[in-house]
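Make one complex out of these two single chains by using the hints.
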Amino acid sequence: MDNLGTFLSVLSQGLPFTIIATVGGIALTIVLSFVAGLALLSSSRTVRIIARVYVEGLRGTSEVVQLFWIFFALPVLVGFQIVPIWAGILVLGLNHGAYGAEIVRGAVQSVPRAQIEGAIALNLTPAQRMRRVVLPQAVVEMLPPFNNLFIQLLKSTALLSFVSINEITRQAQQVLVPRFNPQAFEIFLLLLVMYLVMSLVITAVMRTLERVAAARVGRTPSARSRRQATGAGVA
Amino acid sequence: MIEFDGVEKRFGDHVVLSELSFAVAPGEHVCLIGPSGSGKTTILRLLMTLEKVDAGTITVGGTSLSHMDKGGTLVPADDKHVREVRKRIGMVFQQFNLFPNMTVRGNLIEAPTRVLGLSKEEATARAQELLDLVGLGDRMDSHPTQLSGGQQQRVAIARALAMRPDVLLLDEVTSALDPELVAGVLTLLRDLGASTDITFLCVTHEMGFARDFSDRVMMFDGGRVIEDAAPEKLFTAPEHERTRAFLHAVVDR
Ligand SMILES: Nc1ncnc2c1ncn2[C@@H]1O[C@H](COP(=O)(O)OP(=O)(O)O)[C@@H](O)[C@H]1O
Ligand SMILES: [Mg+2]
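Line by line, the protein sequences give chains A and B. Going letter by letter, the first sequence gives residues 1 to 235 in the working numbering. Going letter by letter, the second sequence gives residues 1 to 253 in the working numbering.
Next up, chain B with everything else stripped away, as it sits in the complex (with noise of 0.2 Å):
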């Protein structure tokens, strides 16, 4: 469903990543942990097309994000071919990202009714549904700072799912969260997990929810994948020395 290829990222002189490859098949869940500063968020701003790359490709569900095919010729990707692999890929964001000028509802029928040209009627049932499943169906009227983080970032992942992406990125979602606010939207991760068949990319801290929601954890550190295993793998036998130390770091905090 994803595919890195030789993938290089510079800010500048800096290299952030450089001849990284993985790939990431559909239905997959997959943490990415590692050090701050180790690219992964540049990773997942890569795939929503929110940077582009310096070298190297990315495929969306087998499409380039960066190229497109012209009666045989592979040329830079126009604002239209990136729209359509856009639809495919969701992302939530650390700080959530709504929209202050909206309310709830706003913020969840606003794509779909402009995007992907839903009625107003079949948005706000959409909308209706994806808010009862996060927990907060009477809050269709409140106003983004009126909720709680928790519950701004629930709001958040169901604005996402509201745009049915085959593949959601999740970049450090339960960061910015008070500390009991954390476990209801990890919960809700795990349940969006086990019921669809959403491709998963996320990148977090949680060390007990990376263990127990993904399929495979990728461990990296200087912009290169460390170690690439199972959770019970990586958690409890890491190969690597880099690897030890890091889950030794966050474990004891």
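So that you can see chain A by itself, here it is in the shape it has in the complex (with noise of 0.2 Å):
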């Protein structure tokens, strides 16, 4: 592999793109997964429908679609071009929200009635029961679940070398195979690795992050597994 220097330089020159998109794809993501997540559990109907058909809209639709959407018919109704690396983060932030809408749904309904009840018995509002009782407990179950979905987010900045943004699958397929083709198997294997380096970062930093609010709410990770090896639900 004499030309790994090459390789490993042009590669890096897309890490940027990738990095950028995938941080700001997960900010974006996490923001629309908590408003359409705890929209889809509003007590208003109007609320709970447009929460419904954003995340039935992303989910049941192709993000590559979404993403030439935005970036090629978009501008034609509004009148500009957006920044091809906001509107790739766009594209991730909304598609991906959409799933995590449902993670946020199903966390806070796991949280037991019972939490609920304590604290409508202590009289505390239901903005205060949210916020103090019930997310603080949802976060714990989110974690695990939102670390898969960013995994995927990661996986699908590739998907942004469709509408020209230099990430490093785009570098790859765009700058190295054209120029050291008999070499195209060294050179999809480094993107695999790096690939695979970044996804085990995600992980490295939710599974510290899981740590910490299992701690919170008084659980170890030995008793969170046997409980999930038992089957059995939170009391």
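Treat the hints loosely; a few may be bogus.
Here are some of the chain A residues that sit facing chain B, going by a computed Cβ distance under 8 Å [claimed, not checked]:
id, residue
1, Thr46
2, Ile49
3, Gln115
4, Glu117
5, Leu124
6, Ala127
7, Arg132
8, Pro136
9, Ala214
10, Val217
Derived Cβ-Cβ restraints for the label pairs, each shown as a range [stated by the list, open to error]:
id, chain 1, residue 1, chain 2, residue 2, range
11, A, Val212, B, Thr113, 44 to 54 Å
12, A, Val212, B, His248, 52 to 62 Å
13, B, His205, A, Pro145, 35 to 45 Å
14, A, Val47, B, Ala23, 40 to 50 Å
15, A, Arg59, B, Lys52, 33 to 43 Å
16, B, Val225, A, Pro145, 32 to 42 Å
No lab work stands behind these hints: they were computed from the structure. Glycine included, each C-beta is placed from N, C-alpha and C at the ideal position.
Okay, here's the thing in structure tokens:
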């Protein structure tokens, strides 16, 4: 692998785009997940319907088509071109936020009714119950599925090559492979390793957060896995 | 202090309480006994506004839980009204319902600071006083999961008392505890009964406790009060066959 240095340096030029798209996409995903997830549980029917339309609309359509739409169709409608990386972050966030909304909704609903009743008996307002009692407990349940979602988001950044963002997949495909065609195997292997390392970083961060969150609700990781192993619910 | 007037409660087609009327005087200690499924918990949950009546009215300290006066006409209670009556009522649950995302301190000061508007210092001082009272003065920074069931229940009692309720509802507060932990909690409740002027309404299967804690015992069956008498009378000379059979069954357990 005598061209390894070249491969690495060309791929690395794409890294900032991949990382910015991932981090930005994750940030937007978190915001949209909470907004839409709580909206799905709203007492207002209208709010629930709007959230449901968003979730089903974005889960049920192709990410690539969404990307093309924002990139090529929207400028025709609104009259200006969105900066490519922003368009990329927007699509990644909108799309994964739709999945995240269901994660938030499910986790909030998994908090035992008894906890809410304890909070009502103390006369906390509905907002206080949600913010101080339900969400802190729900977050513990959200972290593992969010870990999955964020890794999927990382891998989806490869789609941004369709709209000419020079992230690492595009660097490999458009810059390296045409020049070093016989070494395509090594190039794509390197690409795989880069995605793997980034996903391991995401997992490491999420595991740490999981531990912190579990400790805050008084669960040791072993108690948690025991409970999962026996399938018993939280009393 | 508490008044039920013609209260009906249904779950779907299942009528749990019908035409239920009774009153509890201020400072009175009343125990509800009766077989499982007879509607005892439902009565407490209605009082705590965790359920709504289907007919009839419940008043606490003269204020209706379900209706309010608006320009001379009765209208269904809004959130503000419900929160106002709720201020007077506290409840302790069978499963404690402590918040696992907070320490003992957090559990004790959360509502006093956010609902009553106490400062953190005031609420902490009150929490310390109450923890001392329930015999857990040194567990302020423990996590609920680090405490035994009996200790958790005592924290839950302290948490309810921190809101200074006029009425305290206790739903089988020792049923989830290991036998050796029951006595400590019951002793605490007896002390509270003797040292405060709180009105107690408790559901219990501990007949010994019901007997020496209460001023009145109400025997429930099928959503009706079968017998309502002083404990000395009800436990020694019950008038109704149903009461006799029930007492027989629980004492011979
Ligand atoms: N949320 C509910 N939905 C449907 N049925 C209920 C509900 N809560 C209580 N019930 C029914 O109401 C009856 C009385 O219940 P409960 O008040 O808990 O009795 P007790 O506390 O005396 O054992 C039972 O038959 C029970 O199944
Ligand atoms: Mg019950």
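How the hints compare with the structure:
Proximity of Thr46 (chain A) to chain B is violated relative to the hint, the smallest CB-CB distance being about 20 Å (cut-off 8 Å). Here the hint on Ile49 (chain A) is broken, as its CB sits about 24 Å from the closest CB of chain B, past 8 Å. A distance limit of 8 Å between C-beta atoms decides the matter here; for Gln115 (chain A) the minimum to chain B is near 6 Å, and the interface restraint holds. Nearest Cβ of chain B to the Cβ of Glu117 (chain A): about 5 Å, under the 8 Å cut. The hint holds.
For Leu124 (chain A), the shortest C-beta to C-beta distance to chain B is roughly 6 Å, which falls under 8 Å, so the interface hint holds. Against a cut-off of 8 Å between C-beta atoms, the interface hint on Ala127 (chain A) is violated, since the closest Cβ of chain B lies about 10 Å away. Because the beta carbon of Arg132 (chain A) sits about 6 Å from the nearest beta carbon in chain B, less than 8 Å, this interface hint is met. A hinted interface residue such as Pro136 (chain A) counts as satisfied when its beta carbon comes closer than 8 Å to some beta carbon of chain B; here the least separation is about 4 Å, so the hint holds.
Violation of the interface hint for Ala214 (chain A) is found here, the shortest Cβ-Cβ separation to chain B being roughly 10 Å, above the 8 Å cut-off. Contact between Val217 (chain A) and chain B, as hinted, is supported at the beta carbon level, the nearest pair being about 4 Å apart and thus within 8 Å. Between Val212 (chain A) and Thr113 (chain B) the beta carbon distance is about 24 Å. The supplied range of 44 to 54 Å is therefore violated. With their beta carbons about 54 Å apart, Val212 (chain A) and His248 (chain B) fall inside the hinted range of 52 to 62 Å.
For His205 (chain B) paired with Pro145 (chain A), a C-beta distance near 41 Å keeps the hint of 35 to 45 Å intact. For Val47 (chain A) paired with Ala23 (chain B), a C-beta distance near 43 Å keeps the hint of 40 to 50 Å intact. Between Arg59 (chain A) and Lys52 (chain B) the Cβ separation comes to about 36 Å, which falls inside the hinted range of 33 to 43 Å. With their beta carbons about 50 Å apart, Val225 (chain B) and Pro145 (chain A) fall outside the hinted range of 32 to 42 Å.
When held up to the earlier numbered hints, the structure conflicts with 1, 2, 6, 9, 11, 16 and fits the remainder.
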